Amino acid sequence: MNAPNLVKIPEGDLRERLVVVGNGMAGCRAVEEILARDADRFAITIFGAEPRVNYNRIMLSPVLAGEKQFDDIVINTAEWYVENDITLISGDPVVAIDRAAQTVTSASGRIEAYDRLLIATGSEPFIIPVPGKDLSGVVSFRDLDDVDKMLAAAANGGHAVVIGGGLLGLEAAHGLSLRGMDVTVLHLMPTLMERQLDEAAGWLLKSELERRGQTILTGADTAEILGKDGKVVGVKLKDGREIPASIVVMAVGIRPSTALARQAGLEVERGIMVDDHMVTSDPAVMAVGECVQHRGICYGLVAPLWEMCRSLADAAVAAPTGYTGSVTSTKLKVSGIDLFSAGDFSGGADCEDIVMRDAARGVYKRVIVKDNKLVGAVLYGDTADGSWYFDLLKREEDVSDIREALIFGQAFAQGGGALADPNAAVAALSDDAEVCGCNGVTKGTVVSTIKGGACSLDAVRSQCKASASCGSCTGLVESLLKLTLGDDVKSGPKTLCKCTTFSHDDVRRLIVEKELKAIPQVMQELTWKTPDGCASCRPALNYYLLCAWPGEYVDDQQSRFVNERMHANIQKDGTYSVVPRMWGGVTTPDELRAIADAADKYQARLVKVTGGQRIDLFGIKKEDLPAIWGDLNAAGMVSGHAYGKSLRTVKTCVGSEWCRFGTQDSTGLGIKAEQMTWGSWMPHKFKIAVSGCPRNCAEATIKDFGVICVDSGYELHVGGNGGIHVRATDLLSKVTTEQEALDVCAAFIQLYREQAWYLERTAPWIERVGLDYVKAQLFDDPEAVAKLAERFHYSQQFMQDDPWARRAAGEDSELHQHLAEFRPFPTMQMKEAAE
Amino acid sequence: MIGDWIDIGPTTQISPGNARTLPVQGGEEIAIFHTLDNQFYALVNKCPHKHGPLSQGIVHGNVVTCPLHSWNISLKTGEALGDDKGCVPTIPIREDAGRLYLKRDALVSAKAPEAMA
Ligand code: SRM
Ligand SMILES: Cc1cc2nc3c(=O)[nH]c(=O)nc-3n(C[C@H](O)[C@H](O)[C@H](O)COP(=O)(O)OP(=O)(O)OC[C@H]3O[C@@H](n4cnc5c(N)ncnc54)[C@H](O)[C@@H]3O)c2cc1C
Ligand code: SF4
Ligand code: FES
Numbered sequence: 001m002n003a004p005n006l007v008k009i010p011e012g013d014l015r016e017r018l019v020v021v022g023n024g025m026a027g028c029r030a031v032e033e034i035l036a037r038d039a040d041r042f043a044i045t046i047f048g049a050e051p052r053v054n055y056n057r058i059m060l061s062p063v064l065a066g067e068k069q070f071d072d073i074v075i076n077t078a079e080w081y082v083e084n085d086i087t088l089i090s091g092d093p094v095v096a097i098d099r100a101a102q103t104v105t106s107a108s109g110r111i112e113a114y115d116r117l118l119i120a121t122g123s124e125p126f127i128i129p130v131p132g133k134d135l136s137g138v139v140s141f142r143d144l145d146d147v148d149k150m151l152a153a154a155a156n157g158g159h160a161v162v163i164g165g166g167l168l169g170l171e172a173a174h175g176l177s178l179r180g181m182d183v184t185v186l187h188l189m190p191t192l193m194e195r196q197l198d199e200a201a202g203w204l205l206k207s208e209l210e211r212r213g214q215t216i217l218t219g220a221d222t223a224e225i226l227g228k229d230g231k232v233v234g235v236k237l238k239d240g241r242e243i244p245a246s247i248v249v250m251a252v253g254i255r256p257s258t259a260l261a262r263q264a265g266l267e268v269e270r271g272i273m274v275d276d277h278m279v280t281s282d283p284a285v286m287a288v289g290e291c292v293q294h295r296g297i298c299y300g301l302v303a304p305l306w307e308m309c310r311s312l313a314d315a316a317v318a319a320p321t322g323y324t325g326s327v328t329s330t331k332l333k334v335s336g337i338d339l340f341s342a343g344d345f346s347g348g349a350d351c352e353d354i355v356m357r358d359a360a361r362g363v364y365k366r367v368i369v370k371d372n373k374l375v376g377a378v379l380y381g382d383t384a385d386g387s388w389y390f391d392l393l394k395r396e397e398d399v400s401d402i403r404e405a406l407i408f409g410q411a412f413a414q415g416g417g418a419l420a421d422p423n424a425a426v427a428a429l430s431d432d433a434e435v436c437g438c439n440g441v442t443k444g445t446v447v448s449t450i451k452g453g454a455c456s457l458d459a460v461r462s463q464c465k466a467s468a469s470c471g472s473c474t475g476l477v478e479s480l481l482k483l484t485l486g487d488d489v490k491s492g493p494k495t496l497c498k499c500t501t502f503s504h505d506d507v508r509r510l511i512v513e514k515e516l517k518a519i520p521q522v523m524q525e526l527t528w529k530t531p532d533g534c535a536s537c538r539p540a541l542n543y544y545l546l547c548a549w550p551g552e553y554v555d556d557q558q559s560r561f562v563n564e565r566m567h568a569n570i571q572k573d574g575t576y577s578v579v580p581r582m583w584g585g586v587t588t589p590d591e592l593r594a595i596a597d598a599a600d601k602y603q604a605r606l607v608k609v610t611g612g613q614r615i616d617l618f619g620i621k622k623e624d625l626p627a628i629w630g631d632l633n634a635a636g637m638v639s640g641h642a643y644g645k646s647l648r649t650v651k652t653c654v655g656s657e658w659c660r661f662g663t664q665d666s667t668g669l670g671i672k673a674e675q676m677t678w679g680s681w682m683p684h685k686f687k688i689a690v691s692g693c694p695r696n697c698a699e700a701t702i703k704d705f706g707v708i709c710v711d712s713g714y715e716l717h718v719g720g721n722g723g724i725h726v727r728a729t730d731l732l733s734k735v736t737t738e739q740e741a742l743d744v745c746a747a748f749i750q751l752y753r754e755q756a757w758y759l760e761r762t763a764p765w766i767e768r769v770g771l772d773y774v775k776a777q778l779f780d781d782p783e784a785v786a787k788l789a790e791r792f793h794y795s796q797q798f799m800q801d802d803p804w805a806r807r808a809a810g811e812d813s814e815l816h817q818h819l820a821e822f823r824p825f826p827t828m829q830m831k832e833a834a835e
Numbered sequence: 001m002i003g004d005w006i007d008i009g010p011t012t013q014i015s016p017g018n019a020r021t022l023p024v025q026g027g028e029e030i031a032i033f034h035t036l037d038n039q040f041y042a043l044v045n046k047c048p049h050k051h052g053p054l055s056q057g058i059v060h061g062n063v064v065t066c067p068l069h070s071w072n073i074s075l076k077t078g079e080a081l082g083d084d085k086g087c088v089p090t091i092p093i094r095e096d097a098g099r100l101y102l103k104r105d106a107l108v109s110a111k112a113p114e115a116m117a
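Sequences listed follow chains A and B, in order.
According to this note's numbering, the first sequence is numbered sequentially starting from 1.
According to this note's numbering, the second sequence is numbered sequentially starting from 1.
Below, in silico cross-link-like pairs of lysine to any residue (SDA-like), each with a Cα-Cα straight-line distance of 25 Å or less: (1) A:Lys236 x B:Gln13; (2) B:Lys76 x A:Arg403; (3) B:Lys76 x A:Gln817; (4) A:Lys238 x B:Pro10; (5) A:Lys494 x B:Gly82; (6) B:Lys50 x A:Ala535; (7) A:Lys621 x B:Gly27; (8) A:Lys685 x A:Gln613; (9) B:Lys103 x B:Gln13; (10) B:Lys111 x A:His818.
If you are wondering where the hints come from, they were derived from the structure by calculation, not from laboratory data.
Being a predicted model, the structure only gives us computed values, none of them experimental.
Next up, chain B with everything else stripped away, as it sits in the complex (with noise of 0.2 Å):
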């Protein structure tokens, strides 16, 4: 757990249908969702349309619907459904003993596409 694994903290501090962000210092900021279901997914906050804030969209199921244009990305892969196309990364995350751990590597690599024109 430690080393690979970085421990942001209790599930509890995440509300479900609720969203946190976590900025990385010279990175893209991630966010991080609790779905209603219990899942936690994180992404780069980033959509791939023209980098609305998805921390701040509905969640339902799986997918969050972006703030500012309504596309609506999946959780697990980053992809936008539907007719749209774009990808946004995710960080691999886990959940143990109450507390949630991100992905060292892929916290620090991950970058957003370009926003579309």
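Only chain A is shown next, with the shape it has when bound in the complex (with noise of 0.2 Å):
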């Protein structure tokens, strides 16, 4: 040990010698609190490995941003070191502790000695391990030093691209935009910040933060950083985008600074393990800030901290009280944008999620009670109550009595007697006041509306406007119908599922309308009441946006059911069923042996011929999908979708080719109708036969779309169904040529598609609407047929692309593999999860 080096204490100095190891906010936050109980007691040197004075971390983004100076965010000055006897070492981080002499060694070689050591090192920053990950020009955000860096890029204009869509890589990818870069978010996971917010307030984030000029790709997994003369030029991302940058950003996550604790052999999982009073397993040696792990957990924000200095430094020289852990709450520092979320939002079972949007203001707030108490709150575009919502969570009190105006916030629910009831409150509004802001309908108006007869929420819709547009007073018109009209109230038409106060008609109308482009975006504008929709809502509007924007929209497949995830059938036990396509029921000795030897090869458990004249598989692992697809496509054969609300069969019979009764080529034409409809993707399943003269061997006539040939040309049949209630087919009309007959056959495909509900299949609409309005829709406009046929045939070109092939080229293996596998009763010491 270097022994000339030790520092000696002064003479006659009594004082237990305190040594701090990291000159950040929790090591001097803890000094001062040990200052303002005892200024006395210790002889106190810090360590920095920064070469400045402690300052405020968290102020760096308005320093990016260029809101703040350095200056602005110095917490101590080196007056304060001063002023306190405080030697403060800076640019020269401690390489070493030695427990057993009490001395820590700094890099520059400078041995001190303690008897009461504290380390307070922080988080480093971590770094996702992809090539390229070394170049000059990636950068992380935790430092001044780092903010210095990423403003010398920003002086030079361009690309910046920030790795990472949490708290941090906004707000550096928020300072570089306002510095006038072009800035690029990767973010790993499908919405910003999961963390911290639930899908609706992620994509409303998202929203903002397009709009404001930043590109955010979701999804997006780095491969690698690409450079040139050692500089970064670019970030390449697992599905070979490129996206050009200047300077990159890794904002992906910290890990606590562990090493130097580790090295000197104490306790340390994730961070370093320290108890109720911040003491390590070496009593001498205490430990604070986010390098700790105190109850299974580490922190990222600086409140838990301040709270485990207090208890720091009542323990180190005052009457321990003990710290217990914290509750935390998060805000997102870019200037414009409110938002705010604490606690646990997961929900479930025994919460009660209450969801409040406002579409016109933007505003979407989420509140979570747990046996009458909050426990979670999530609050996008207004976050005045987050504190009030915070404090009540930390209190955990009792919200039972202002349960009913939770959401509406302080100001309402705290006005106590009349005005914790919301009926009451929209009692007390006045007859001029701006009950829905859409259509500009007055209180009054919707009273008068109601009295003059309208008694359902969708009769005031349709009468007076209000709450017809984005709904979001939907709960106010409610209010008025149950004051004006107590228990008389009508409940309207069916709502598409109990999320939502819309119909079906009114969702797809206004997706259209409105321009809504995805799920989130049609639960906030047409303001949900739950904050991710539930199994019947998921589904239908992944298909309304799929039906209104083909080719823009992209397929939500966590909003399909499993039979439309896996493209087969699930079965009673859990195996799946595979139904190949065989055109119009026609099939080869070639297609049949590829059946066979696949059946074989996989172990097919039953080989069946459906009703729909195709061959079904049953028993096959959703494991052996992939493969057995890979099969199949190898003889020239695609999916049949027998498990789609989407074009299922196309029956045909023999036809003129073959029967002594057959009038055309009721064979030929089914072939070129499944080929042009197959990969649709509609309402509910459609199915279509062509049967080759009357006698109807096809039994076109219960089917969704059917053709009967004759002499003079083709009968065109719709709306026929067997299932439980069997409902046999209306004449659409007659055509001469097959041409006609496929055209007319898009056309019915596209307005069903359009019109219909989902899950709705064509005999119950057609009963709902009535054949005369099909027809007047198909054939009023005599070019009707042909503009739905072209919808039909554009989105067509999106749709045809076997989903097969592409499983079976690997795309979402995932859905197919065990995670892993588990053998409980290990021989010898082994790895127990494979993988």
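Reassemble the complex: the two chains are provided individually, in unrelated frames, and hints are given to aid placement.
This is the structure in structure tokens:
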């Protein structure tokens, strides 16, 4: 040991020696707390790796954004250290701790002895281990040096890439964008800040940032950072996309800085283990801040650190109080974006989710109540009540008295008495108060409309337009109905599901009118009552969006029923059945051989001819699906969509080619129809059949679209159904050529696709709207068939893409694989979870 | 973390809104869910109704809708919601430093209830 370097304590100084490693927010705060309790207890030395005094790290974001200067964010000036007789050794990190000798050694070789040691080394940014991570121009966002590097890059303008769409990443992106850079944020998860926000709020945040000119790529997995001459020039994603960049900011997360403690043999898991008094496994060593793990948790925000520092000082110099952990809340420091989240917002069966959306103001609020206590809150757009909610949450206050009004915020809920009841609050509104902002309808107008006979929400909507647009005033209108009519309020037509007050028709219309293009957007703009919908509305919205925006909308797999996600039919034992397409029911010996081989190879437990003229292989395991599809693809077969709300089969009879009664080539027409329509997603399944003569061997008159060939042409039938309620078709029209038959078929399908409700087959749809309506839509305007058919063909160009081929090539492979396998009784000490 | 808890790999293996399965030799297959608000849950992969594979259901909020007959099962408690009655065992799961851990003894002892007639 370098004895000569040992710093001597001034003679006569009887104070205990406290050495602090880390001149950051927690380290200095702990010292302040100690000084406040007993200024004379310790002789204090602070080591800091950074060559400067202690500053407010969280304000680096405003410094980057140009809203503050470094001087504005200094917490403890050089004078403070002097005045308090603290030796600051900055720019010289501690590199070793010798617990036996009770000394620390710094990089410059300085050795300092301690009686008590405090480790407050904070965190290190996590760097994703991709090629190019060490290039010049790749920076993290942790200290002032990082900010300086970003500012230097920004001075030259150009492109910046921020990897990580969490709090830090978005603040970095905001700053760089204000500094004039063209910023792209890459985020691995589908929604931004997924740790703090739910899907709905994450989506709102993303659209606001995009509106401000940032490019936000979610689901973006970085493969490599590209460089030239040692300097960064761009980022390459795993899907092959390349984004240019003169600077790359990595903000994917932080890791407690524990190397020093670990080396010193202190107990370390994720962070340095401390007890409730911030004492580590060595009684002479304390630790505080982001580097510690307390009761299993490592914190990444300052509020818990302040509480830790308090309990540390209490225990070190006064009466021990103990720290028991913190509930944290988050705010994003991006000017103009109000966002708050706190507590547990995972909801669940025993929790009550209260959601309020105000589409006009871009507000989303969600509070979660459990056992009459507030357990979580997410606020976007209006965070005025954030601290009130946070307070209720931390104090675990009983909110049952204000439950009804909780979501409206503090002013409303604590208005007390009458105001705590939303109906009473609405009653107190003046007659000229505007209820519906979109359509400028006052309370007086709504009430007189109700008095004039509008007894349901729907009647009010159609008669005075209140709540007919964005729907955010629906709650108010419902209150007015209740106040005016008491129990005589009639429920309106069926709503899409319990998550909304809108009907299927309204939702479909508004998606197009308001150009809504994503599920969370529909939910926000149409003021959904739940945060992310339910098993009824998600698939319906996914279909409506797919139908409205062909080629543009990206299918949401999580909103599809298992069969459509797995492209096979689930069976009662959890295996799947596989049905390859057999165009018009016609096959070949080669196809049959390939099917037979596949049946053998994948051990199909049943091979069955279906009622739809093709072959079904049963009992296939989900792991084997991509492989069996690959084999069937290789023999020229594609998915039969036997699982989809989509075109199923086109059943044909032999027709004029072979049959002595056949009038037209029904088989040929059926094949053409199937080739035109396969792959199309519909409100429900859709079946077609073509019979060669009125004997109708293909049962065309119980199909959604049936063709009966006659000498003079083709009779086109619609709206047939087998199923529980058998319905024979209605005759739609008669045409003379195959092409006309195909055109009407495409037009009819498109009309059904655009207008029917999700899960409504053509039979109930026609019963509801009437055959005359369908005929009028198709034939009143001589152009209508052509226009509808054109829209159908346009969307088909994006749909006719065999889903099996993509899966066989490896897409979404995780859907088919187990995560791992667990063998509970290993014979040796071995890795138990494979993979 | 070692001993009581079993590391089943990184959280990124399950995208939000999805579930993956973990067969247990000599035990029940486990379904691990990742919800849209980024929570993780583990349940025996058998619906209390007729043993439908819950991992294949639609996830919304903290509920999965069984793919076979659409019972709604709470991911938190394993209980059937609404008018349906039944419960499937849950397995304690924790997330730490981007990895998922399952409680060992719960994993081994979990038993699915008898399917209903
Ligand atoms: C395989 C098949 C039975 C067979 O072995 O022949 C079949 C099997 C099923 N049918 Fe069917 N239907 C099959 C032809 C039919 C037919 C006959 C036809 O298409 O000519 C009908 C009556 C015609 C019709 O649809 O109007 C038919 C009317 C139904 C219905 C009632 C539909 C309705 O609108 O009321 C259902 C229930 C549903 O879809 O909600 C249904 C549902 C089902 C499901 C998907 C049940 C389910 O949801 O899991 C069965 C899937 C079994 C599987 O795993 O493959 N299946 N089903 C036939 C597959 C045809 C194909 O090649 O794709
Ligand atoms: C840009 C940014 C924005 C943020 N915004 C917020 C926010 O809005 N709200 C919020 O609550 N939190 C925010 N945070 C987090 C907050 O800054 C941290 O929680 C807090 O700084 C942690 O304090 P600490 O003392 O544990 O670590 P730090 O403040 O990082 O201090 C640790 C210090 O120890 C030094 N050190 C490390 N090893 C050694 C060694 N061996 N020898 C000597 N010195 C060493 C480091 O250089 C550092 O200066 C933000 C962080 C950043 C980077
Ligand atoms: S008739 Fe009933 S049992 Fe038979 S396949 Fe169709 S749905 Fe299943
Ligand atoms: S098996 Fe799950 S609902 Fe029937």
